[in-house]
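Number of protein chains: 2
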Amino acid sequence: MGEVKHLVVAKFKEGVAVEETLQAMAQLVSTMDMVKSFEWGAEMLGEEMLRQGFTHVFIMTFNNGEDLASYLNHPSHTDFIGTFQAALENALVFDFPSVVIKPPA
Amino acid sequence: MGEVKHLVVAKFKEGVAVEETLQAMAQLVSTMDMVKSFEWGAEMLGEEMLRQGFTHVFIMTFNNGEDLASYLNHPSHTDFIGTFQAALENALVFDFPSVVIKPPA
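In order, the protein sequence lines correspond to chains A and B.
First residue of the first sequence: 1, per full-length UniProt numbering; consecutive thereafter.
First residue of the second sequence: 1, per full-length UniProt numbering; consecutive thereafter.
FYI, nobody ran anything at the bench for these hints, they're computed from the structure.
All clues stand as given, with none of them false.
Repeated chains share a single entry, so a pair holds when one copy, or any two copies, can fit it.
The calculated BS3-like cross-link candidates involving lysine-lysine, where the alpha carbons are at most 27 Å apart (straight line), are:
id, residue 1, residue 2
1, K36, K102
2, K102, K11
3, K102, K13
Using the sequences provided together with the hints, build the complete structure.
Okay, structure coming up:
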């Protein structure tokens, strides 16, 4: 099995300081060597029906399932989860082994 | 603005031939030069509550929003969407400019 991805699709609560949460997440990841790469984004097309109200996506990549597990179970991550969940109205979490059909050039 | 990602989180209907749909999607993407990269995955941890019933994730990457739009509006894509939607019980679609916090090594 190759790379494993940790996907979080989130809807922030109204009035929450999204930027602060994003900065805290970036800081967390910077201290976690087992996180191979990390990107995020905010919905751009605004098709409310298709995105089901979600506003942000976070994607982390790990070399394998063991690295993902060590991240999920790390005290810094579990501490962060409390703050993160308090800022969210809804979240979808999806972990999957990445099957690459068309690799980046 | 840099790369743009097209994320689809899907739940297939019971009894649907998932492999055939995946093959049709791989074939579609292979003919679409504007799709820079494509990967997919099936949920591995089985935490039903966190994944909200979704079973598969598809992530396509484009160089920019224009390439994404040309893919979404391409007749081969709109044809495929009909078949794809018929196989799905639920789908979440999320388009976003990728903000890379930690680039792949």
